[in-house]
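Since each chain sits alone in its own frame, please combine them into the complex, following the hints.
So the sequences go chain by chain: A and B. Per my numbering, the very first residue in the first sequence carries number 650; after that it's consecutive. Per my numbering, the very first residue in the second sequence carries number 35; after that it's consecutive.
Hints are not guaranteed to be accurate.
Stated by the list, open to error - For lysine to any residue, the following SDA-like pairs were computed, each having C-alpha atoms within a straight-line distance of at most 25 Å:
| id | chain 1 | residue 1 | chain 2 | residue 2 |
| --- | --- | --- | --- | --- |
| 1 | B | K191 | A | D657 |
| 2 | B | K80 | A | A931 |
| 3 | B | K80 | A | N932 |
| 4 | B | K80 | A | D866 |
| 5 | B | K191 | A | D866 |
| 6 | B | K80 | A | P888 |
| 7 | B | K80 | A | F678 |
| 8 | B | K80 | B | E146 |
| 9 | B | K191 | A | I656 |
| 10 | B | K80 | A | Q865 |
Derived by calculation from the structure, the hints in this document are not laboratory data.
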Amino acid sequence: MSEEEDIDLLALQRQLDDAFETTRPRRGFEDELWLRIQTRRPFWQRLQDLLAGVVETLREVPAVPAAAVATVLILAIGLGILARSGVHLGVGGASNTTSATAPLSFGSNRAMAPNSFGRLPSVALYPGVPAPHAAGTPFAEDGSALAASPIPSNLYFGPATLSWIGQFPALSAPALVYRYQEPPTVLADQFATSLGAGPGKPIPLTPGYLGSYVAQDFGLSITKSWPAPPREPRFFLTPVGVGPSAGDPQTAATAFLATHSLLPTAPYTVAVVPFTVQGQSANYVRVQYLREFQLPDTSTAFLVGPLGDRYGTEVVFVEGRPYIADGPLPVNLDSASYPLITASQAIQHALASSPSGSQDINPKPVVKLDRVELVYALAVSGAQGFYEPAYLFSGTFQYQGQTMEKRVLVPAIDPSQLNS
Amino acid sequence: VLADRPTFEDLYRDYMGRIYAYVRAQVQTSADAEDITAQVFMNAYKAYARFETRNITPAAWLFRIARNATTDHFRAHGRRERLRRTIERQPVATDDPAGMAEERIQYRALLEHVAVLPERQREAISLRHSGLSFEEVGVLMSCSEDAAKMLYHRALKALRESVREGEA
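In isolation and in its complexed conformation, chain B is listed as follows (with noise of 0.2 Å):
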């Protein structure tokens, strides 16, 4: 099993744009999308000895610890705030000038979008999107394949729907 494991700088170097892609996608700024992914490679380095592929492939065990990162981020930055801002639709604290020269997003007003969908919408957008099957975002979420696939398709009509809102 252990002669299966990719590298974990392999690893890294693979998934970490995805990663972050996957965490800027559902937080307001890149400082945090920053602080969030370096956790979960701090937190992945620490498990990797420990990883098996026989159960789980390394794109879906690194999204796992992302999701939980990003989960441990909004209990500890104050979700009823967010979701607050998420409700009444307010502008949130922007990136510094000089975070947004530097990242690369070409479609930041649609990542917008996604993140205010409803957890569970959002995710499974931001989780396909980032590469993983139906059948990896199903695990992930503790559904079936099945039900992965629905959730994901009423996640892409309701940000449809939220692009026309804003559009209009």
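This is chain A alone, in the form it adopts within the complex (with noise of 0.2 Å):
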């Protein structure tokens, strides 16, 4: 071969080179294509890399020592324990929200008399407090429990003395307490054909749940109740395939739920929450409709989960997609009115309340509680879910340069109506 042909083919290898290096496609296809695998998922895998993202998160926080938070396995279910982590990690952006009231109802309600539904299950914060894994758990594929949800590091519910300083807001005495009857696999089906979707594949070692369904463009999977850490039945909605992105999250979200027919018909305030996730480059956003109740002077008081933060359906966004919807499961609600306990039982109680989580801090903090917002809590009882009144206490202090938050929940019924 000639110095002239080397010469030639060099030349032609560096096109080759450069040709390769810059052939690429258009904007958009990798992230698009990215969803797309994304979305082919089942949602427990989805959540299960969200759960961990999250928890390799909270292990990158400096916060109270490892055996503070060392019990941190609230198994979760559904993405709302992760909507709270989200909010306290302190990862997201600014939240937005605005109002908005629809008929208090899940389906049809009905009215009972005062007390009628007899002593009631105590309503209670649970951190740290892991799901068993026997049963009415969500698995993976391969039969193991979901990823833990750990307690978010500004948090803490261990021993501290405590004192009150704050304002006690006036009273709406007495308050409904709301009860659903845990629904049969045939309302599950309902809620599935409604929403145009049917039998689908059978999930393995599944008890936690009462169907799995699929449509065209979506699965859905449908959970029991369980009862501690407490959550209502679930749906769990994922989009399959990729749609345009969206614009406004919020004008999205509303829109996506509204196309499913699954935009919530109770009172909710809406919040908009940016969040990360360890390990992953993709924008994450989260659309929550917080549950509100109707309190007897028109007001409203947000529904509160494990760890004392607000919660109700949402939509989770990656890329300006919708990624899954979880939210509960319409259901019938009875009401029936209890008597309160007055300000100053609340404070009393408050003050007496054991630590509702295991994380120790030496010596023990000093907090002086100064909000109080009375909330709705759900208690899970055999077949019957309650959500009832409470009042929910907080107030800071600061430990190794970070500012803690320390939470009581004091169950607002009176005590002689509670199962002691």
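In structure tokens:
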């Protein structure tokens, strides 16, 4: 081969290098394809990834000692707990809220006579309480339990010396307690049918599921109630395929839920919370429809979960596209009025309360509780669930340069009406 | 072995562009290249749990899937028709204008010459310039490293002749 030919071939090789190096798909294709890959995954795997990511994120947040956050095994069902984690991690941006009111209804409601539900199970916070693996929790395809959700590093549920320095809001007594009966499988089937979904692939090792369904453009799973940490029956809808990237997340989420007839009919406040997931470069945004209960004085009280965070229905967007939606399964609610404790009783109960979590800081922190909010929390007993009013107290203290928040939940129902 | 594996997202981010380029060098439209690239990574995603780095590098593993997906594409879309076009050097359908505007190829003409090379020559060039070693090219093409080198150099000369003919 002549020297000239060699030079020709070398030049051709350089051009080929450049050609392959500069041949790339159109802008946006990479993220679209990644999303398509992700949206083919069943919801529990998506949830597993998100949870694992958040766990990793939390591990990197300087916080209370390991012992204080060691027992962080609230087995998460749904992204509601994630949502709460995200908010308290500070990994999100600003949240904006707007109000919307709708008829108070999960299906049809019936008002009952005062105290007619009898003695009620008591509501409580459940930090660090793992749900048993034996039943009632979602499983990965290999049968292993999903990743656990840790307590956000700025929340403290351990022992503390408490005092009260806040203003107690005017009470609206008595208040209503709402009750649902655990829905049978046929109701889950009807709900799926109403959304246009039919029976799907059975989920292995899934005692916590009411059903799994598929439609042309989404998958749907419905879970049962669970007593501790309590959760109501919930739906999980995962779109299949990739639609166009939406604009404003709140508008897109509302349109997405409305398209699937999943927009909550109960009062709610919308919160838009961007968040990040460790190890993932995509942009995540959570649009939450925080559930509210109507109070007798026409104000409302938010529903709070095992850590005292507000929750409800939500849609998670990845790169501007809906990734997963979950929320309470619409069920009929009965209501009955119950007397509330007085302000002084509520404060006494808060100050005398036992730690709800196993975190431990030495010396025991001194916390001045300065905020209280009437909220609703869920208690599940047998085949019934009860949304009950409660007082959520909170106050902050400094620990190793970080502002920590102590929360105390006190049932607002008179103790004589509660199971001991 | 599993500990040595990159996460699937890392693999995807590192190789998506290269896989696309490899596929694009062999098919006539960006739409086909997108479809095949999507199929490659869907298949890879499903199989990744079983992938072990002991026997093959992640790059070679992905390109094997890409090679199979491209072959399937040709089977499904009329290999005979494509060969006829190749032999007759007839113009082929081009991308839609919007696709062409967005796709980033600076050396479109050169890759069109690559696309009409005999199959094994085309693959040798595409795999080699997608960043694979001759050893990896040999593994994928079921031949030795030396045979892969020889095949590549023959392909390079054939490409040069094709380019010269085109210029003439």
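Tested hints:
{"no.": "1", "hint": "B/K191 / A/D657", "verdict": "holds, 10 Å"}
{"no.": "2", "hint": "B/K80 / A/A931", "verdict": "holds, 21 Å"}
{"no.": "3", "hint": "B/K80 / A/N932", "verdict": "holds, 24 Å"}
{"no.": "4", "hint": "B/K80 / A/D866", "verdict": "holds, 20 Å"}
{"no.": "5", "hint": "B/K191 / A/D866", "verdict": "violated, 50 Å"}
{"no.": "6", "hint": "B/K80 / A/P888", "verdict": "holds, 18 Å"}
{"no.": "7", "hint": "B/K80 / A/F678", "verdict": "holds, 20 Å"}
{"no.": "8", "hint": "B/K80 / B/E146", "verdict": "violated, 32 Å"}
{"no.": "9", "hint": "B/K191 / A/I656", "verdict": "holds, 12 Å"}
{"no.": "10", "hint": "B/K80 / A/Q865", "verdict": "holds, 21 Å"}
In summary, the structure is inconsistent with hints 5, 8 from the numbered list given earlier, while agreeing with the others.
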